[in-house]
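Peer 1: Here is what each chain is made of, one letter per residue.
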Amino acid sequence: GAGEGGKKRKSRWQDEPKPAALLLSQIQLPDFIKELTGGVDVNPEVQALNLKLLEINRRLQSGQLDDDRPFEARSPSPEPVYDNMGIRINTREFRMREKLTRERQEVIAQLIKKNPNYKPPPDYKPPKLYK
Amino acid sequence: SGVLGSFGLGMGGAVAENPTRVIMLTEVVSPQELQEDNEYEEIKEDMRDECGKYGTLTNLVIPRPRPGENVPGVGKVFVEYTDIAGSSKAKASLHGRKFGGNTVVATFYPEDKFACGEFGG
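Chains A and B supply the protein sequences, listed in that same order. The first sequence runs 1 to 131 under my numbering. The second sequence runs 132 to 252 under my numbering.
The hints are simulated quantities; they were obtained by calculation from the structure and are not laboratory data. Heads up, a few of these hints could be off.
Unchecked claim - Incomplete in silico selection of chain B near chain A, CB under 10 Å:
{"no.": "1", "residue": "Glu158"}
{"no.": "2", "residue": "Val159"}
{"no.": "3", "residue": "Val160"}
{"no.": "4", "residue": "Pro162"}
{"no.": "5", "residue": "Glu167"}
{"no.": "6", "residue": "Asp168"}
{"no.": "7", "residue": "Ile174"}
{"no.": "8", "residue": "Met178"}
{"no.": "9", "residue": "Asp180"}
{"no.": "10", "residue": "Glu181"}
{"no.": "11", "residue": "Arg228"}
{"no.": "12", "residue": "Lys229"}
{"no.": "13", "residue": "Phe230"}
These numbers were taken from a predicted model, which means no experiment stands behind them. Where a beta carbon is used, it is the ideal one built from N, C-alpha and C, also for glycine.
All chains should be built: construct the whole structure from the sequences, respecting the hints.
Peer 2: Here you go:
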């Protein structure tokens with residue numbers, strides 16, 4: 001351990017890099033996050049939100065709208081709603097898309113709250129003030 | 132959830148490398164430096180001080196050349212920590228640092244080989 005005394009002699013080790021640089025170099029982010037944030041934002045909360053947003057975007061775009069929860073963990077399906085043609089409107093996919101879209105709005109709202117400079121996607125609409 | 136899962140794995144950085152409690156530092160010291168008793172002790176002290184910053188050391192081995200013998204591992208430094216947290220931090224921090232003008236290369240070293248006193252590679 002430490003405290004070996006005799007600190008007069010200079011260590012052969014060259015000085016460590018500056019703490020800030022060291023910290024940044026030790027945090028390893030996936031590349032897509034670095035692209036997203038320009039490699040500057042290392043706030044773990046913001047990172048988590050960004051990841052969540054990416055995952056939601058991916059699911060919405062890929063049409064992967066199945067419920068990944070186990071069957072027994074799901075809430076009961078609502079009564080079916082049909083349109084004039086007798087086609088069901090509130091299908092599982094439709095409801096999942098609505099749910100993800102709602103989540104997406106919420107995540108973006110939180111990102112804006114955490115960082116006022118955050119540029120929301122062009123299709124983002126701020127939540128209406130009445131509820 | 133899939134993205135979050137893979138994110139967790141990626142954080143370690145050296146997933147493929149199989150972390151161990153032992154790190155090996157190469158390109159650090161020359162056999163000539165190790166021959167001098169004074170210099171050898173100083174090198175050992177510098178290593179112990181610096182490596183001790185990253186975790187609790189359990190062992191530090193710097194193979195020393197012996198005249199007329201081919202001692203394996205001469206020029207390398209082996210550092211054993213109590214846990215992988217220490218060795219990982221040390222590896223990440225020391226790799227690329229300069230020691231006496233040499234740029235250090237840090238890798239994990241198999242614990243079983245270290246325990247048997249095999250320093251050949």
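Peer 1: Can the hint on aspartate 180 of chain B be confirmed by a CB-to-CB distance to chain A that is less than 10 Å?
Peer 2: holds, 7 Å
Peer 1: Does the CB of isoleucine 174 of chain B sit less than 10 Å away from some CB of chain A?
Peer 2: Since chain A brings a Cβ to about 7 Å from isoleucine 174 of chain B, closer than 10 Å, the hint holds.
Peer 1: Go through the hint on aspartate 168 of chain B and say holds or violated, using the shortest Cβ distance to chain A against 10 Å.
Peer 2: Cβ of aspartate 168 of chain B sits 15 Å from chain A, so the hint is violated.
Peer 1: Does the nearest C-beta of chain A fall within a distance shorter than 10 Å of the C-beta of methionine 178 of chain B?
Peer 2: Holds - the Cβ of methionine 178 of chain B comes within 10 Å of chain A, reaching about 9 Å at its closest.
Peer 1: Please check whether glutamate 181 of chain B passes as an interface residue: C-beta within 10 Å of a C-beta belonging to chain A.
Peer 2: Check passed: Cβ of glutamate 181 of chain B comes within 5 Å of chain A, closer than 10 Å.
Peer 1: Taking the least C-beta to C-beta distance, is glutamate 158 of chain B closer than 10 Å to chain A?
Peer 2: At 13 Å from the nearest chain A Cβ, glutamate 158 of chain B fails the 10 Å test, so the hint is violated.
Peer 1: Using 10 Å as the Cβ threshold, decide whether valine 160 of chain B counts as touching chain A.
Peer 2: Valine 160 of chain B check passes; min Cβ-Cβ to chain A is 9 Å, inside 10 Å.
Peer 1: Taking the least C-beta to C-beta distance, is phenylalanine 230 of chain B closer than 10 Å to chain A?
Peer 2: Holds: closest Cβ of chain A sits about 5 Å from phenylalanine 230 of chain B, inside 10 Å.
Peer 1: Holds or violated: the hint that valine 159 of chain B contacts chain A, with Cβ atoms closer than 10 Å.
Peer 2: holds, 9 Å
Peer 1: Using Cβ atoms only, decide whether proline 162 of chain B comes closer than 10 Å to chain A, and label the hint accordingly.
Peer 2: Constraint on proline 162 of chain B not satisfied, violated at 16 Å.
Peer 1: Please check whether lysine 229 of chain B passes as an interface residue: C-beta within 10 Å of a C-beta belonging to chain A.
Peer 2: holds, 4 Å
Peer 1: Using the nearest Cβ pair, does arginine 228 of chain B come within less than 10 Å of chain A?
Peer 2: Constraint on arginine 228 of chain B satisfied, holds at 6 Å.
In this structure, the earlier hints numbered 1, 4, 5, 6 are contradicted, and the remaining ones agree with it.
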